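K.L.:
Using the sequences and the hints, build the whole thing.
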Amino acid sequence: MISEKYLGKKISVIGAGVSGRSLAELAKKQGADVFVSELKTMNEETKKVFDSMCISWESEGNTERLLEADEIILSSGISSDIPILKEASLKGVPIISELDFVYPFISGKIIAITGSNGKTTTASMTVYFLDKLGAVSMTGGNIGNPAAKAAFMKTDFLVLELSSFQLSRLEKFKCDVAVVTNLAPDHIDWHGSYEKYIEAKANIIRSLTSQGHAIYQNRDSKELNIPEGMGFPLFWQKPDNNKKGIYMDGAESAAFMCIKEGKPPIKLFDFQAVKLLGSHNLENTAMASAAILLLGFGPVDPTLISEYEPPKHRCAFAGSFRGITFVDDSKGTNVAASVAAMSSLKGEKVVILGGQGKGEDYAPLAEAVIKYAKSVLLLGAEKEKIALALDAAKYKNYSVALNMEDAVEKAYRSALPGETVLLSPACTSWDMYPNYGLRGDHFCEIVKRIIERDL
Numbered sequence: 004m005i006s007e008k009y010l011g012k013k014i015s016v017i018g019a020g021v022s023g024r025s026l027a028e029l030a031k032k033q034g035a036d037v038f039v040s041e042l043k044t045m046n047e048e049t050k051k052v053f054d055s056m057c058i059s060w061e062s063e064g065n066t067e068r069l070l071e072a073d074e075i076i077l078s079s080g081i082s083s084d085i086p087i088l089k090e091a092s093l094k095g096v097p098i099i100s101e102l103d104f105v106y107p108f109i110s111g112k113i114i115a116i117t118g119s120n121g122k123t124t125t126a127s128m129t130v131y132f133l134d135k136l137g138a139v140s141m142t143g144g145n146i147g148n149p150a151a152k153a154a155f156m157k158t159d160f161l162v163l164e165l166s167s168f169q170l171s172r173l174e175k176f177k178c179d180v181a182v183v184t185n186l187a188p189d190h191i192d193w194h195g196s197y198e199k200y201i202e203a204k205a206n207i208i209r210s211l212t213s214q215g216h217a218i219y220q221n222r223d224s225k226e227l228n229i230p231e232g233m234g235f236p237l238f239w240q241k242p243d244n245n246k247k248g249i250y251m252d253g254a255e256s257a258a259f260m261c262i263k264e265g266k267p268p269i270k271l272f273d274f275q276a277v278k279l280l281g282s283h284n285l286e287n288t289a290m291a292s293a294a295i296l297l298l299g300f301g302p303v304d305p306t307l308i309s310e311y312e313p314p315k316h317r318c319a320f321a322g323s324f325r326g327i328t329f330v331d332d333s334k335g336t337n338v339a340a341s342v343a344a345m346s347s348l349k350g351e352k353v354v355i356l357g358g359q360g361k362g363e364d365y366a367p368l369a370e371a372v373i374k375y376a377k378s379v380l381l382l383g384a385e386k387e388k389i390a391l392a393l394d395a396a397k398y399k400n401y402s403v404a405l406n407m408e409d410a411v412e413k414a415y416r417s418a419l420p421g422e423t424v425l426l427s428p429a430c431t432s433w434d435m436y437p438n439y440g441l442r443g444d445h446f447c448e449i450v451k452r453i454i455e456r457d458l
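The opening residue of the sequence shown carries number 4 in our numbering; numbering runs sequentially from there.
It cannot be assumed that every hint is accurate.
Below, a list of computed lysine-lysine pairs in the DSS-like style, where the Cα atoms sit at most 25 Å apart [claimed, not checked]:
id	residue 1	residue 2
1	K397	K413
2	K266	K246
3	K8	K177
4	K270	K246
5	K361	K388
Taking CB as the label site, the calculated pair distances span [unchecked claim]:
id	residue 1	residue 2	range
6	F274	A366	41 to 49 Å
7	K397	E61	47 to 55 Å
8	R325	G64	23 to 31 Å
Rather than coming from a laboratory, the hints here were simulated on the basis of the structure. Keep in mind the model is a prediction, meaning the values are calculated, not measured. Note that the Cβ used here is the ideal one computed from N, Cα and C, for glycine as well.
P.N.:
This is the structure we're talking about:
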């Protein structure tokens, strides 16, 4: 299907990663004359695809050729502050976000999910529930497929996991359910400030349709600038029939939802049905279950909840030996994620921290370590900065590891039966590994070798 809007138009796409490649292909299929500009080295396979589709391209730099366009489309992760875009603005060339470009080509109800942590688990859980309920659905954005792959797909529901990068520049995109799992400092180096990061996240609420629903943490309502009474905030308390919301009732060990003021609460699930580790995953499950309810389905069957398997490296069980539990939270790439992991897991913990930083303040991490960690192993590029924060907090029970093998071995030797060895780095993996997945896989491999060796 071709849209006359782009027929014969000159379209420049900045970025040739998974997102940019899909955007370029979609624009070409709409009859546009497409040019792709990649600041880094372009993948050889991508070059071949572009050449076969007669898509022009450049790599290892953005030249002024990309300004010779009727529109410029930004792929996921491209900052609006790069110099070439300032030139584009001066020349009056429209700059379009990934989501705004794709939106006219997608169908079905859109569930948009973001947050500093937990968005991948919540998104994958939501689409899992929809699939099991017989709905035609797909995931996109940061997981599953890039957003452009959803173009012209006949889906009842499209679940999009969206980063702050993708949300930073929205004008046309609309969603039917907006979920913000939580807010905490992240990607400060990319956005320039925490305020700009929050502003990007809040765009998901502003993108709701007139009949749309918002799901968010009650504690984040002010930062998101959500009007009183809008949507469904999440509370850790007994249900309040006079206030819409999601209620995590510790006394009843169950999650409830008050969908309308004055109406009795609906039980979403008993906590024991959730097999994921950590109280933060109870919140993720509650938000996914609430989204399903708002889409017109009944409460999710407890069996579906208990059978759900989360994406890897998110507080995932990595093994148990001699009473010591090993947990892989390699996806904990910021301070807030690691704090959530430490606070959500019960008992004493030996925590492995460190990697490549994002420009965050480690003082909150040090505070959490004091509360929840028996001891800490530090590794990677940020080990000295984290050590300084621990020293400032007068926490001394830490040591430096040479690498992951050394860190896991030392953590194993210092842990006692009933305790947990937790990998939750609070940093990206890029100083030591290509991605957090490979870091988590390596952690699990080391754990497996230790167990086989000492059996």
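K.L.:
Hint by hint, note whether the structure agrees.
P.N.:
Hint check:
{"no.": "1", "hint": "K397 - K413", "in the structure": "22 Å, holds"}
{"no.": "2", "hint": "K266 - K246", "in the structure": "9 Å, holds"}
{"no.": "3", "hint": "K8 - K177", "in the structure": "20 Å, holds"}
{"no.": "4", "hint": "K270 - K246", "in the structure": "15 Å, holds"}
{"no.": "5", "hint": "K361 - K388", "in the structure": "12 Å, holds"}
{"no.": "6", "hint": "F274 - A366: 41 to 49 Å", "in the structure": "32 Å, violated"}
{"no.": "7", "hint": "K397 - E61: 47 to 55 Å", "in the structure": "53 Å, holds"}
{"no.": "8", "hint": "R325 - G64: 23 to 31 Å", "in the structure": "55 Å, violated"}
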